[in-house]
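Chemist: As they're listed, the protein sequences go chains R and V. Each residue of the first sequence is one higher than the one before, starting from 1045 at the first, in our numbering. Each residue of the second sequence is one higher than the one before, starting from 38 at the first, in our numbering.
Fair warning: there could be bad hints in the mix.
[Stated by the list, open to error] Once the Cα atoms are required to be at most 30 Å apart in a straight line, the calculated DSS-like pairs of lysine-lysine come out as:
| # | chain 1 | residue 1 | chain 2 | residue 2 |
| --- | --- | --- | --- | --- |
| 1 | R | 1073 | V | 167 |
| 2 | R | 1377 | V | 167 |
| 3 | R | 1407 | V | 358 |
| 4 | V | 167 | R | 1150 |
| 5 | V | 167 | R | 1278 |
Please keep in mind that the hints were generated in silico from the structure rather than gathered at the bench.
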Amino acid sequence: MDILKGFRDPAVARGLVEAIRSVATAPAKVMEVCGTHTVAIARNGLREVMPDTVTLLSGPGCPVCVTANGDIDTAIEMARRPDVILATFGDMVKVPGSRSSLAREKADGRDIRVVYSTLDALDLAERNPERHIVFLGVGFETTAPTIASAIQDAERRDLGNFSVLSLHKTVPAALGALAQDPQVQVNALILPGHVSAIIGLEPYRFLAEEHGVPSVITGFEPVDVLQGIWMLAKQLAEGRAEVEIAYTRATAPEGNPAALAKMAEVFEAADAEWRGIGVIPGTGLAIRERYGRFDAAERVSVSPPPPREIPGCQCGEVLKGITLPFECRLFAKGCTPEHPVGPCMVSSEGSCAAYYRYTDYGKTA
Amino acid sequence: MRADSILLAHGSGGTMMRELIEEVFLVGLADDELARLDDAAVLELPGGALAFSTDTYVVDPLFFPGGDIGRLAVCGTVNDVCTSGATPLYLSVGFVLEEGFAIPDLKRVVVSMRDAAIEAGVRIVTGDTKVVERGHGDGLYVNTAGVGVLPEGVRLSGSLCRPGDEVLLSGTLGDHGIAVISTREGLSFSTDVRSDAAPLNGLVAAVRAAAPGVRCFRDPTRGGLASTLNELASASGVSITVRDEDVPVREQVLGACEMLGYDVYQVANEGKMVAVVPADQAAGALAAMRSAPYGEDAAVIGEVGESPAGKVYVQTGFGAKRIMDMLVGEQLPRIC
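The following block holds chain R by itself, in its conformation from the complex:
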């Protein structure tokens, strides 16, 4: 673990802040795509040490935040079936759907289990042969390979009572959609380290080549993030647009071929609805027909009522970097981490939660 020390070294961080100040002479909006970056930036107070020219915006990279209302409604309807145990990672429990949340349903007696890994969900299936275990598959390319692996495991263990509601999303095409959105004014992208460790550099190349957006794959320690911003500032100053890797200790240009192969074996691209953004073609991961017996959408029949958007919630605009969290009229008023209205305040990696937890912005004394 000593390796991390260098990436938190205050002297190195101070040097990078100075380097950014000297390079970033023209105004630039830099979007961090990943929720983990959003938290790292807020937790380390990096926004505060940026020069006035650099504006850090949070993007759509929190899988909890971008899960559509209707998808949460579907999960809730599944959890309401007495024959179902719904297993989920913790963050999803608190997110409000149109009318309820999994936390509320759990308190009302639905069998909803928070698990720490998909293996837990498989074990649940083995221990409860009379019930059907639906695992809520939420996450990006970072998570999808492990879920693919779990589905293959379920097949090997012949667990007929296990399925996955696949709400996975993939990152690069969503960034392409943002780059094409005239409302979104982003000059450079901090690309997600974890996702990139899986997919590598190539899938982002179009961002630089077709859209002219400098992009850097970055890790999550303060020095990592500052180094990424410095590399982006240099690209902007030099008029370059390339995809670079600052996170070389974890990301190879070709990504992780074994994980990619596993993902491709179990999933295929499908359209996906991103909360607040809409349907982005090809950015979902549907379970292939070959593994259809593990597809909750096929196995567990529910018909939730039509989704209802939450009045006043501006999470969609926040996810696109159009509205800053504290500019939302609900921020810190109707919407707090204790009583969240929208997912950006719910998720530990949501930008509203990060602003709320780590800054004074938008809070009146």
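Given chain R, put chain V in place with the hints provided.
Modeler: Just chain V, lined up with the frame of chain R:
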């Protein structure tokens, strides 16, 4: 309070628990001593003052690296009693046992309680046992209550912190929380972090002797240092700033926090003590802490400021400052 039924988050030691306590228990029970929200109540009796505290222990798993629910139940209440400045003397214990719970495991817990009580110099003098039907408990819940005597004139409280005071921490943060989570089913990761569960009455007594002006002690358990300091800032109407670089944390704990998406300031501890002392007594208090059992890694981690009242900040080594907020809900591993 907007929730109409209890959620798991109401037990987390964070803001929702605070809301529950303030809006249900403090309103319903309406007692001035209770309303001070210190870890132990101080009761004036003929012949002196008594400190009195109770806590209920619910932990999964029951046995973890560095401890078990029994050691937690003894150390936790000993520590709560001594935060008032009292010398803990006697404990009660209540067991809620689930039908089917293994007697050898219960014996193991009880022996561990005996050992912890001997170490802390307290006696377990009264108890209670209840058994609930299978499926109505997680094997074993333990409640302990403790009493201690308070030296004449000693009145410590979280409401006594003043601008200029120094904040001390008795050792590394987050060991207990990470040790427990590392053993949870499906989340086993390689770490040699052990729970810090320990009785701190010796350490508290040493600090009190070295720094007679000490304002308060608090043990940062659930909700971690963040909850503790926010409670102190709020109770005293002051701000507190912690210097990131000065807070002792094990590299393994930091690494685990990074992997899980946890904020180390919000991770639970069971053998650490925060002390707020006047600046001119800080050096003496630190030396006392470091020479006391379980205090060798102690550090001065920050100071009390005037305003904004109720706020806690973290100052990084490269000039950034951010809020140290209380935990909201349960601390759960992130998705990616």
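Chemist: Work down the list of hints and note, for each, if the structure agrees.
Modeler: Verification of the hints:
A hinted pair counts as satisfied when its Cα atoms are at most 30 Å apart, and residue 1073 (chain R) with residue 167 (chain V) does not qualify at roughly 62 Å. Taking the CA atoms of residue 1377 (chain R) and residue 167 (chain V), the gap is near 45 Å; set against the 30 Å cutoff, the hint is violated. A distance of roughly 16 Å separates the Cα atoms of residue 1407 (chain R) and residue 358 (chain V); the hinted pair therefore holds under the 30 Å criterion. Distance check on the hinted pair: residue 167 (chain V) and residue 1150 (chain R) sit about 27 Å apart at the alpha-carbon level, within 30 Å; holds.
Restraint check: the Cα-Cα separation between residue 167 (chain V) and residue 1278 (chain R) comes to about 68 Å, which exceeds 30 Å; the hinted pair is violated.
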